[in-house]
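Chains A and B are the protein sequences, given in the same order. Residue numbers for the first sequence follow our numbering, so the first one is 1 and each next one is one higher. Residue numbers for the second sequence follow our numbering, so the first one is 506 and each next one is one higher.
Hints in this document: simulated from the structure, not taken from any laboratory. A few of these clues could be false.
Said to hold, decoys possible - Each computed DSS-like pair below joins lysine-lysine, with the alpha-carbon atoms no more than 25 Å apart:
{"hint": "1", "chain 1": "B", "residue 1": "Lys927", "chain 2": "A", "residue 2": "Lys288"}
{"hint": "2", "chain 1": "A", "residue 1": "Lys288", "chain 2": "B", "residue 2": "Lys540"}
{"hint": "3", "chain 1": "A", "residue 1": "Lys35", "chain 2": "B", "residue 2": "Lys793"}
{"hint": "4", "chain 1": "B", "residue 1": "Lys580", "chain 2": "B", "residue 2": "Lys982"}
{"hint": "5", "chain 1": "B", "residue 1": "Lys685", "chain 2": "A", "residue 2": "Lys35"}
{"hint": "6", "chain 1": "A", "residue 1": "Lys75", "chain 2": "B", "residue 2": "Lys628"}
{"hint": "7", "chain 1": "B", "residue 1": "Lys540", "chain 2": "B", "residue 2": "Lys580"}
{"hint": "8", "chain 1": "A", "residue 1": "Lys75", "chain 2": "A", "residue 2": "Lys41"}
{"hint": "9", "chain 1": "B", "residue 1": "Lys628", "chain 2": "B", "residue 2": "Lys793"}
{"hint": "10", "chain 1": "B", "residue 1": "Lys580", "chain 2": "A", "residue 2": "Lys288"}
{"hint": "11", "chain 1": "B", "residue 1": "Lys896", "chain 2": "B", "residue 2": "Lys986"}
{"hint": "12", "chain 1": "B", "residue 1": "Lys685", "chain 2": "A", "residue 2": "Lys41"}
{"hint": "13", "chain 1": "B", "residue 1": "Lys628", "chain 2": "B", "residue 2": "Lys982"}
{"hint": "14", "chain 1": "A", "residue 1": "Lys180", "chain 2": "B", "residue 2": "Lys540"}
{"hint": "15", "chain 1": "B", "residue 1": "Lys896", "chain 2": "B", "residue 2": "Lys982"}
{"hint": "16", "chain 1": "A", "residue 1": "Lys481", "chain 2": "A", "residue 2": "Lys391"}
{"hint": "17", "chain 1": "B", "residue 1": "Lys793", "chain 2": "B", "residue 2": "Lys896"}
{"hint": "18", "chain 1": "B", "residue 1": "Lys628", "chain 2": "B", "residue 2": "Lys580"}
{"hint": "19", "chain 1": "A", "residue 1": "Lys477", "chain 2": "A", "residue 2": "Lys422"}
{"hint": "20", "chain 1": "A", "residue 1": "Lys477", "chain 2": "A", "residue 2": "Lys391"}
{"hint": "21", "chain 1": "A", "residue 1": "Lys391", "chain 2": "A", "residue 2": "Lys488"}
{"hint": "22", "chain 1": "A", "residue 1": "Lys75", "chain 2": "A", "residue 2": "Lys35"}
{"hint": "23", "chain 1": "B", "residue 1": "Lys580", "chain 2": "B", "residue 2": "Lys546"}
{"hint": "24", "chain 1": "B", "residue 1": "Lys927", "chain 2": "B", "residue 2": "Lys896"}
There are 2 protein chains.
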Amino acid sequence: MDISIFSLGQLDPASSQPMYLQIAENIAAGIRDRKIPPNAKLPPERQLAIHYGVSRTTAINTYRKLEEWDLVLTKIGSGTYVTGGSGEAAMLPMPWQQLLVPHLKGPLAGILRELLSADLSGKTISMATGTPDPTIYPATTFNDLLNCRNADLTNADLGHISTEGYLPLRTQLAALQNQKGGNATADNIAVVSGSQQGLYLLAKIFINPGDYVVVEAPTYLCAIPTFQAAGARILSLPAPGPLQLDLLEDYIIRHRPKLLYIMPTYQNPSGRTINLSERQALLALAAKHRLIIIEDDPYSDFHYDQQPPPSLKTLDSYGGVIYLSTFSKTLFPGLRIGWVVASEAVITRLALEKQYVDLHSANLSQWQLNEFLRRGSFAGHLDAIRGEYQKRRDATATALRRYCGDSLTFFVPAGGFYFWCKLTHPSATSRQLLQEATRLGVSFVPGEAFYSDREESRDFRLCFATNPSSVLQEGIKRLAKALSSLTKIWDDGARTVRRTSKPII
Amino acid sequence: MDISIFSLGQLDPASSQPMYLQIAENIAAGIRDRKIPPNAKLPPERQLAIHYGVSRTTAINTYRKLEEWDLVLTKIGSGTYVTGGSGEAAMLPMPWQQLLVPHLKGPLAGILRELLSADLSGKTISMATGTPDPTIYPATTFNDLLNCRNADLTNADLGHISTEGYLPLRTQLAALQNQKGGNATADNIAVVSGSQQGLYLLAKIFINPGDYVVVEAPTYLCAIPTFQAAGARILSLPAPGPLQLDLLEDYIIRHRPKLLYIMPTYQNPSGRTINLSERQALLALAAKHRLIIIEDDPYSDFHYDQQPPPSLKTLDSYGGVIYLSTFSKTLFPGLRIGWVVASEAVITRLALEKQYVDLHSANLSQWQLNEFLRRGSFAGHLDAIRGEYQKRRDATATALRRYCGDSLTFFVPAGGFYFWCKLTHPSATSRQLLQEATRLGVSFVPGEAFYSDREESRDFRLCFATNPSSVLQEGIKRLAKALSSLTKIWDDGARTVRRTSKPII
């Protein structure tokens, strides 16, 4: 081989690093860059010594070092060669998929990804994701806050803070909670990076693998995999209609579940609200059987007809209710701030777990939210968006009745973000409808996403929060068109049964 | 009992809620508030009907409902009573400690809590925690950014973003990485909520319970519990001094570890930097045995003498190195932004896991950091703080030599935040020194905190970053005082052996 490719440029005889090492690194770089190819024969030591102007011992040491690094191989009586075999193998791409811990995948991961990519195209009217309308985020107020000189960040605001959250914010969150009838102090509050993180941490600190968890069916889409990832087995309590306390008691007696996860007010996705008497009966049952309740409450500020009943947390004299909420719906999702209200023992343990996850939530979000609340801007903001969302709910109800009334049933939710619809045709599936609907430019989430145990359903969820009334109306017209073209197919009985269960003999 | 305590005030005959339920809720509230005490006898149904002006059937239904809620008990032939027994039991405090999943506690949790509370008193000079000096956080620059009208937040900046992070920031982080000799694109970058979160997620996606992980000993304090929480068994590779590749290969052959976690540059806590030739040899060994390396690199920008060698990630042609860093040291910890550089397959899997944890990191921090980097303020900021920290390192070295030279050995680190000291007295322990030192008003972290398997040691870590040189000097004087009073005790052999191992027969 041509020895001139061994460059002399970067050697420094005055360096504290010995020459043999400098030369070895030089050659190693050439081998790695493939300037010196695998299996190439390197020049004899003597020739190398002359080329670099060093002693023969230095040249020998250079090759020894390269051997140590597995970059060259000396064949006695033949010479020194760049390693081919193992060098080649080392260049194989890393088989990362096989090195990673397998990821729990629900059967719906695919559909949800599709939905998201459809929504990103911009042509589809999304009634799928449960996000508020970006045009009514309080961006201006937040900018004003940031631009207000007298609220400058200080150095103390930028360092590590306690895992439980920025203390002034926790104090305000306790006050917010108590306005609705609690008796929380800052010690009962943990700030979390969105209510999803709250749920994740609660699952981590309460669930041992094999524990049972009762959830509503349907329930919040991400709750099921979060509990399952912690090793929980899921028991389902039917959600639309009255609270089935007899079934819950049956579950408790049979399975001794670790906790009940419930969204009592304007439930996602069913829109159901549990009335006061049901709440009291639920608490009595929980107290009797010492059941822990996680009350998820992201929507109670979105009441369109009258105030909702008090939260379970407020009514709870037994002490077993843990409350969870978020600013993702009332302010904006990118804030990533939710909060947990619980006994101090639970907050302390939750913080220990949160330390591993992120030490504490980001200071800027907490500082800014604290300023926003401190200036009393929150109540007015809520009134404004509540009025707008109420109009959207009413427009959606009117359009659904007018355009789709024959094909589906629904009830008008008293609050929250969602209509939960059921296809009336006995042969219908919401997944078929979704395929046709996305083709026509409107999307929603099919019902099976909200259950732990269904592969298809006739239910689906429509979110009316993200778009203004006129867009919602157009979306529902498209939905009606999809329904009418599918109804013919369903009538013709063209729906093939794709999976038949045969006994394996 | 006096029936007048059953208030009539809140009943509404026009309500859609039946009267019996309204009355039952009314009485239930009284029972919960203890206005109607446990075991009290309630008025007969007839009397209740008259009091509320309702039919006898309504009164009967009222008591039936209260029975259903387990609030009252009807004894035939005797009357209706508020439940005492079970009602009493339900008021027992929740035994939260027993309901929670046990928390892994290292033997040092206590010491670290003590340290932290000592530091919070304000009188102690802290050389314990590894945080930068708050007085040199770029708070002014960050405020200016926020106050600059032309960089206003838009609504799009406030919604959900991808779990991998804000795309403009990821693009800039890739560029930052490539300046140092990489070839990353935004697809190779995940923004995480501090490098602790990066480590947590990497442990989650790579470690199955029982897997071995090799770490340096001593190593980053939080790495050990993070890997252990994922179920890993820890193998220790001695850190001060040259890299022990023969031992590493022995571990690989014996235990087939899943990964090596290493901080090659200005290691926390030992200050050790692995030289170029060792880096190349390590990569050759990793390639030969297909070992995954997590390279943690929070300190390489803090070089005080000369540029450090290139990162393992830069030198890696094999493809098995995952790189992790943070802005907690270079900017400020409250930003909660770190980043991971890895193959796209790893980034994708890591994002799936991060979805559970917080959906994505907070937008405001990412947006603000992106602006800061975009304006080119970072390099100048680094130069400024590097100069200041270099002075502090030199002052610490001088003071240690002058005041403590007889009692401990150390080497001067070429970069980073820490001196790793060893007590020379054979009877010394760093925990004894810490007790005396905190009494005299200076704190540090005893060496055993950085090992997976030591209960005491003669090493300890001094952080020179948090305080200016004059304060550091005073801190070291106090340390010297603690040393001199303990040396007498150690000389007298007064150190009692607290634990003797006896065979159990």
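These are the hints, each one checked on the structure:
Our distance criterion of 25 Å between C-alpha atoms is broken by B/Lys927 and A/Lys288, whose separation comes to about 59 Å. Of the pairs offered as hints, the one joining A/Lys288 and B/Lys540 holds, with about 21 Å between alpha carbons and a cut-off of 25 Å not exceeded. In summary, the hint linking A/Lys35 to B/Lys793 is supported, as the alpha carbons are separated by about 21 Å, within the 25 Å threshold. Between B/Lys580 and B/Lys982, the direct Cα distance comes to roughly 79 Å. Violation of the 25 Å bound is thereby established for this hinted pair.
Note on B/Lys685 and A/Lys35: the hinted pairing holds, with a Cα-Cα distance of about 21 Å set against a maximum of 25 Å. Only pairs whose Cα atoms come within 25 Å are accepted, and A/Lys75 paired with B/Lys628 is rejected, the gap being roughly 68 Å. Between the alpha carbons of B/Lys540 and B/Lys580 the distance comes to roughly 22 Å, so the proposed pair stays at or under 25 Å and holds. Of the pairs offered as hints, the one joining A/Lys75 and A/Lys41 holds, with about 10 Å between alpha carbons and a cut-off of 25 Å not exceeded.
Straight-line distance between C-alpha atoms of B/Lys628 and B/Lys793 comes to about 53 Å, which puts the hinted pair past the 25 Å bound. Restraint check for B/Lys580 and A/Lys288: satisfied, since their Cα atoms lie roughly 19 Å apart, inside the 25 Å limit. In summary, the hint linking B/Lys896 to B/Lys986 is supported, as the alpha carbons are separated by about 24 Å, within the 25 Å threshold. With a C-alpha separation of about 32 Å, the suggested pair B/Lys685 and A/Lys41 falls outside the 25 Å cut-off, and the hint is violated.
With a C-alpha separation of about 15 Å, the suggested pairing of B/Lys628 with B/Lys982 holds against the 25 Å cut-off. Simply put, A/Lys180 and B/Lys540 have alpha-carbon atoms about 21 Å apart, close enough for the 25 Å limit, and the pair holds. For a cut-off of 25 Å, the pair hint linking B/Lys896 to B/Lys982 stands: about 18 Å separates their Cα positions. For the proposed pair A/Lys481 and A/Lys391, the alpha carbon gap of about 24 Å is at most 25 Å, so the pair holds.
Restraint check: the Cα-Cα separation between B/Lys793 and B/Lys896 comes to about 42 Å, which exceeds 25 Å; the hinted pair is violated. Of the pairs offered as hints, the one joining B/Lys628 and B/Lys580 is violated, with about 67 Å between alpha carbons and a cut-off of 25 Å exceeded. Taking the CA atoms of A/Lys477 and A/Lys422, the gap is near 17 Å; set against the 25 Å cutoff, the hint holds. Taking the CA atoms of A/Lys477 and A/Lys391, the gap is near 18 Å; set against the 25 Å cutoff, the hint holds.
For the given pair, A/Lys391 sits about 33 Å from A/Lys488 by alpha-carbon distance, which is inconsistent with the 25 Å threshold. Taking the CA atoms of A/Lys75 and A/Lys35, the gap is about 22 Å. The hint holds against a cut of 25 Å. Using a Cα cut-off of 25 Å, the hinted pair B/Lys580 and B/Lys546 holds, with the two alpha carbons roughly 10 Å apart. Among the hinted pairs, B/Lys927 with B/Lys896 is consistent with the structure: their alpha-carbon atoms are about 23 Å apart, no more than 25 Å.
Hints 1, 4, 6, 9, 12, 17, 18 and 21 from the earlier list are contradicted by this structure; the remaining hints agree with it.
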